[in-house]
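Visitor: One-letter residues, chain by chain:
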Amino acid sequence: MDKHFGLTTASQNVNSLTPAIRTDGLRKRYGDAVAVADLDLTVESGSVFGFLGPNGAGKTSTIRILTTLTEPTAGTARVAGQPVSDRGAVVEHIGFLPEEPPLYDELTGREQLEYIAGLRGHEDWDQVESLLSRFDLAEDADRRVGTYSKGMKQKLGLVQALVHEPEVLFLDEPTSGLDPRAARTVRDTIGEVAAADTTVFLSTHILPVVEELADTVGVLYDGELVAEGSPAELTAGVETGSTLEDVFLEVTSEHR
Amino acid sequence: MNWPDRSRTARIARVELRRTWRSLRTSNRGRLLLAGGALVVALYSLGIAGAGYVGGGAIHTVTPGTVRLATTGVVIGLLGLTGFTVLQRTVNQIGEPDAADGLLTTVRYEDVLAGLLAAEFGRLLAVAALPLAALTVGVTAGSGLPLLGVAVVATSVLVLLFGLLASYAVGLTIKLVVARSVFIARHRATVGGVASLVLVTVWLLAWGTSDIQVALLRAATRSPLSWIGELILLAVPSVESEPLAAGVAATVLLGSLPVAAVACLWLAERVWYGDAVQPDHEFDAAERTLSDRLLAGRVATATRVVAQKSWLRAKRAPLTVQFAVAPAFLLVVQLQTFLLERTVPPTLPLTAGLATAAAAGAAFTLNPLGGEERVLPLTLTADVSGKQFITGLALAGLLPGAGLATLLVVGLGLAADTPLPVLAAALTTTVAATLAAPWVAAAAGVIFPKFEQSTVRGTSVTVPSGFAFGLYLTVLSAVAAPGAVAVAVAILGPSLVPVATPWLLAGGVTTTLLLAATAAAMGYLYAANRMSSYRLA
Numbered sequence: 001m002d003k004h005f006g007l008t009t010a011s012q013n014v015n016s017l018t019p020a021i022r023t024d025g026l027r028k029r030y031g032d033a034v035a036v037a038d039l040d041l042t043v044e045s046g047s048v049f050g051f052l053g054p055n056g057a058g059k060t061s062t063i064r065i066l067t068t069l070t071e072p073t074a075g076t077a078r079v080a081g082q083p084v085s086d087r088g089a090v091v092e093h094i095g096f097l098p099e100e101p102p103l104y105d106e107l108t109g110r111e112q113l114e115y116i117a118g119l120r121g122h123e124d125w126d127q128v129e130s131l132l133s134r135f136d137l138a139e140d141a142d143r144r145v146g147t148y149s150k151g152m153k154q155k156l157g158l159v160q161a162l163v164h165e166p167e168v169l170f171l172d173e174p175t176s177g178l179d180p181r182a183a184r185t186v187r188d189t190i191g192e193v194a195a196a197d198t199t200v201f202l203s204t205h206i207l208p209v210v211e212e213l214a215d216t217v218g219v220l221y222d223g224e225l226v227a228e229g230s231p232a233e234l235t236a237g238v239e240t241g242s243t244l245e246d247v248f249l250e251v252t253s254e255h256r
Numbered sequence: 001m002n003w004p005d006r007s008r009t010a011r012i013a014r015v016e017l018r019r020t021w022r023s024l025r026t027s028n029r030g031r032l033l034l035a036g037g038a039l040v041v042a043l044y045s046l047g048i049a050g051a052g053y054v055g056g057g058a059i060h061t062v063t064p065g066t067v068r069l070a071t072t073g074v075v076i077g078l079l080g081l082t083g084f085t086v087l088q089r090t091v092n093q094i095g096e097p098d099a100a101d102g103l104l105t106t107v108r109y110e111d112v113l114a115g116l117l118a119a120e121f122g123r124l125l126a127v128a129a130l131p132l133a134a135l136t137v138g139v140t141a142g143s144g145l146p147l148l149g150v151a152v153v154a155t156s157v158l159v160l161l162f163g164l165l166a167s168y169a170v171g172l173t174i175k176l177v178v179a180r181s182v183f184i185a186r187h188r189a190t191v192g193g194v195a196s197l198v199l200v201t202v203w204l205l206a207w208g209t210s211d212i213q214v215a216l217l218r219a220a221t222r223s224p225l226s227w228i229g230e231l232i233l234l235a236v237p238s239v240e241s242e243p244l245a246a247g248v249a250a251t252v253l254l255g256s257l258p259v260a261a262v263a264c265l266w267l268a269e270r271v272w273y274g275d276a277v278q279p280d281h282e283f284d285a286a287e288r289t290l291s292d293r294l295l296a297g298r299v300a301t302a303t304r305v306v307a308q309k310s311w312l313r314a315k316r317a318p319l320t321v322q323f324a325v326a327p328a329f330l331l332v333v334q335l336q337t338f339l340l341e342r343t344v345p346p347t348l349p350l351t352a353g354l355a356t357a358a359a360a361g362a363a364f365t366l367n368p369l370g371g372e373e374r375v376l377p378l379t380l381t382a383d384v385s386g387k388q389f390i391t392g393l394a395l396a397g398l399l400p401g402a403g404l405a406t407l408l409v410v411g412l413g414l415a416a417d418t419p420l421p422v423l424a425a426a427l428t429t430t431v432a433a434t435l436a437a438p439w440v441a442a443a444a445g446v447i448f449p450k451f452e453q454s455t456v457r458g459t460s461v462t463v464p465s466g467f468a469f470g471l472y473l474t475v476l477s478a479v480a481a482p483g484a485v486a487v488a489v490a491i492l493g494p495s496l497v498p499v500a501t502p503w504l505l506a507g508g509v510t511t512t513l514l515l516a517a518t519a520a521a522m523g524y525l526y527a528a529n530r531m532s533s534y535r536l537a
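These protein sequences, in sequence, are chains A and B. Once you know that position 241 of the first sequence is 241 in our numbering, the rest is easy, because the numbers rise by one and skip nothing. Once you know that position 74 of the second sequence is 74 in our numbering, the rest is easy, because the numbers rise by one and skip nothing.
Pulled out of the complex, with its shape left as it was, chain B reads as follows (with noise of 0.2 Å):
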């Protein structure tokens, strides 16, 4: 193991920058990126610029607790910011080079890391520099004191490199564990969803209340992480700050930068160089007779290996059908009176089933075109008609979107003591929703199709169009609405319409009934009518 050579770290961050920078100004994302995130940071740095200078101004009449409290707070945020995104950005994307063959057979891969940590560093610094000169010029104008300016910038740019270093290395080692690891690579679907489970769990454990956020704040305060805030504090002459915790704080995150640079080196070694276990995909007979079990005699052929196929590619390639997670974020504030309160919210069950109707859509049918990647030309020109591969698709997210919808509703409903009537219509609003859901999904997928590769966790994927998606939202919403607006004011207040519930929840059902058969027929043939007809660019 060599240090890095400067010029060449150099010259590999000035390069990787350059990359970022035309990628971001020459897609439509990009520049929708850039100025949403210029428009984004600009208004947090006024805020941060008023905190600032509203806790400049206070320094001096607060207690030297309340100081400590808000200072923790700022480094916890920096950090925990910083960490989270380096973390995730070094699993899906940075944590290897791009072009790794050609760069680790011209260069040291000392070299190749120390270029990519110097460009992320870049980045972040793009990112927080103005939020940060926001803070010191907030700071050092409501305290009056220049050298807690001072203070804040070093303690900052401090954490930022310490969080860069050590999220980098946690990144690796994830990744290192991944990658030789054969259960994961048996399992990743499984071992996937699981994490994120529980990931999301934590997530909205921690953040659901304020009362938590203080605890843990508070928490932070009593911990070593507190020292990091002395460093800030000893720029003031108001509070008696703990030199000794200030300096120990100083030397551990200077001393730990280089301990961190070498975990690095060492974990992109293997990382880099070693090999990947070989997932074990040998045929398995359950696995392969899944569709003929379910289908087979009942639809054509073609129509059955199209679902088995999709079916396939989804337990080995979870990435493929990544755009199923996200209606999971409807349930986000749900989820959280039902972690924190312990109590299913009444309008859980709908939310699920609606949830779950737009995932199954969302997972297998929203990019028919693109989603068949180097394939299409053999698609095309196969004995398969559009209806057909169409077809396919749809039972692909209908058949199991349409168990769990029901398991989700009937269950969630039986826990929340909703009304059987209500229970009703929330039960056949869902299942309309998610008969109808992947032929929407089609239609939107062929109108906005999308056969450019993205990066994801360093794996080349071919993800939908975020226009297709959200069209797809769109037209799905205005199907469920009817029925899912009469079963949210069955719950929560019948008294508000001047009509009887039960003509209420009929009225609404049996509208999201129209639509969900208008909207799953034109979809379907708009979509099949789309592919038959489709020709190669």
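The following block holds chain A by itself, in its conformation from the complex (with noise of 0.2 Å):
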């Protein structure tokens, strides 16, 4: 592990057998709408997970229920061991960084990660200072959040996210917004975290970023899982070409 970030080995207390992610049926429905159906899945400790399906498919509700901020209509699902119907108990072991990142406009960015840290109990400001300077926001790190463009705001949130070395890190399109040396950094820690054994849930379309990073990929589609397995085994299965892409647009196609 890279030293300089301060990240150390995550999961370190939780048991390596144990998957980070486990989801038993999880089922979601808004009114008539089914957004996820009876979703199995399973994340190994450590791994990085690509979660793809095109737009409607029901991947932030997937996220959104992992993340406790929302609760499934049945079934069940346990993150970092923990029961997602114990909110308090999972936000302790999580990292989250949704679409938009959560940050305070009126706040400048160290008080912004300082804030969220000392919230966590995790006061270590020389890591803060690491992880500021790593991802360039050192120099702007005294000017306010609302000031920031949106790349600024995409590392800002993503080092908030990752400040209190959360055993399992869950992305929704952290590359979103960034320049590519913006988007590299965010691929490069993506990996670097992966490698001191936290878990990643990473959502996004861009799936070149999958097919680097991601050890396991899954498919949702119409809320469904359609197809699971490593980027290898994926594209060994198809015919038609041999990219991640490829397998995307033909399992989405084949369940239209």
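Treat the hints as calculated values from the structure; they're not laboratory data. Bear in mind the structure is a predicted one, so any value in this text is a computation, not a measurement. Treat each hint with caution, since some may be false.
Covered stretches of chain A (in silico footprint by chain B; criterion: 3 or more residues with CB under 8 Å from a CB of chain B, positions within the stretch not fixed) [claimed, not checked]:
1. 67-79
2. 96-108
3. 243-252
In silico negatives: residues of chain B with every beta carbon more than 12 Å from chain A [claimed, not checked]:
4. 115
5. 300
6. 419
Even for Gly, the Cβ is constructed at its ideal location relative to N, Cα and C.
Join the two chains, each given in its own frame, into one complex according to the hints.
Guide: This is the structure we're talking about:
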């Protein structure tokens, strides 16, 4: 592990035999619409799980259930060994970067991180500083978040999700709005936290990112998991091509 | 459900208060609010100190009944003010945490709730500290009873705390009902309008006359609410207090705090984590063809669809047209008379017509550029001219506005037995103002466009600029003034001016017609030209 990050092995107190994420018959309905349909999913500790699917497939609903922000209609889910019904227990173990980074415009970047780290009881200011430097945010750390560009907010949101060294990191479109350099930094960081045994649940439309980083890929379509396996396994099973994009297009068109 | 962690609660409250302070300090509106608020609070505090001194001095001489009435009045006033403030802030703003996805995946929701409540209590104290201190000093100095000062402070803080928790719970209940009710989701504009009307009517009736206020106060002194006042009266030896009532009040107040806190926790969990019902916006043939029926073949297609879009947005997101409600405040005094005396005041037809005219302009045209929000780049690059766009917005307000204004003026005028010539003049003035209003508003809106979003009732919306609204009302008032003044003089005192009433009415109305035509033409051309030539920053 790169000590510059200050990130140590995150899952050291999680039983390595326990999956980081496990769902059984997970279902979510909004009125008559089924967003997630009987989802059975297992994500091993320390792995990067690429969660793919077209818009409206149920990815965000699944992430919101796993991060305890909404309750499932049926089924069960455990994250870091904790049932999602026990919100307090789950949030201690997770970090979350939603599509819109949850930041306060009135705070400076440094204050924002110190706030979140303080709430987590993780007041390691050296680590905060090293993360700010790593993401090229150190020079702007004393500026109000409201003045940040979309990319800077995205990076700050990622640092905020990482600052307490979570066991499971949920990322919803983490490279959205980033320039190529920043996107590369984010991709490198995901790889490095995964190497530090943090489980990464990565939802994105940018398939090369998943292809590069994911140990396992799941494709959700109309709330159902229609394909799951390593990128190599999935691409090997497709006649028409060898990229994840081909797999994605094929499995999502098969189920239309 | 767990009790909140003290350290995390304090940290959240500190950051919330810092955010409030910074957002006030760094905007012109915020600085104005701070300065104006400080001035008002200081002036009120001086008055409160004086009243406290006089009241404290009189406490030994007046009857116990009068002391009870005054004490209950203060308690109810404090409770009512706290309750109303917190209730509307809970529904609009603090009922849900900002950046909720981040905060709720960082700490337990109980900590978040406690932090938000602690921050709101801090804000309440920041506003109430000076008036409370003034009251305490005044009462203590006037009565010569230091213990009375202590009782005033302790009871006031307790009442503030109770008001905060109870109102927050009620606010969360309203949010929960709104989020879960399919009916409200489908008819939010209608439900909001009816609720506002009921609230305004109740308010007007309750505060219409001092008789009603005194009657309410007397009823309160006979209710358990007055027992809270007994807590203060315990410190006054010359008044025979009721220790039992004071004890019950103290027990109930103190006991209600944890109960209200638990209710807040229970409700917050349901509001923050529950799924709001999805409003059903299925294709509605009547809705989609409204503009077809009214405008197809009469105006350009682009103009028609702009009007249609404006109506749809107003129906589905009524907050976007909230400025249209503001002119209704012109009617408050006359509506009070109408409700209390059951007679239509003679000037109500004109006032109601002019308020409708002002609303017609304020609804859709007060922020042509900013109101487009994220669609603005598309609008500016679409095949729609500035004239077509501004005309579409103006028609959206003009068509319902002109119809409603006519109905109100004629209906109320007949009910008030307004002489026919005066009624005709009032109607002409109103219609002229209504026809001019949207174009004047459009010009004011492009002079002072507003692009920043505000949070209203937890929803981010772009509302028009206050400066645009001020400019619009100023110009519209100038346009309507000659006709309106002539009508008012003809009704209230024709002998005040040395001109025969028919000539007075004809002169006033003609001037308004000329001004309206000029203002409308200038407003239209200016707004259309600005819209066509506008370039994104």
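Visitor: All hints, please: hold or fail.
Guide: Outcome of the hint check:
1. Check result for the region 67-79 of chain A against chain B: holds, 5 residues qualifying (beta carbon to beta carbon below 8 Å, three or more required).
2. With 9 residues carrying a beta carbon less than 8 Å from a beta carbon of chain B, the region 96-108 of chain A meets the three-residue requirement, and the given coverage holds.
3. Residue count for the region 243-252 of chain A with a Cβ under 8 Å from a Cβ of chain B: 0. That is fewer than the three needed, and the coverage hint is violated.
4. For residue 115/B, the non-interface assignment is contradicted: its Cβ lies about 9 Å from the closest Cβ of chain A, within the 12 Å cut-off.
5. Look at residue 300/B: its CB is around 34 Å from the nearest CB on chain A, clear of 12 Å, so calling it non-interface holds up.
6. With a cut of 12 Å on Cβ distances, residue 419/B stays outside the contact zone with chain A, its closest approach being about 57 Å.
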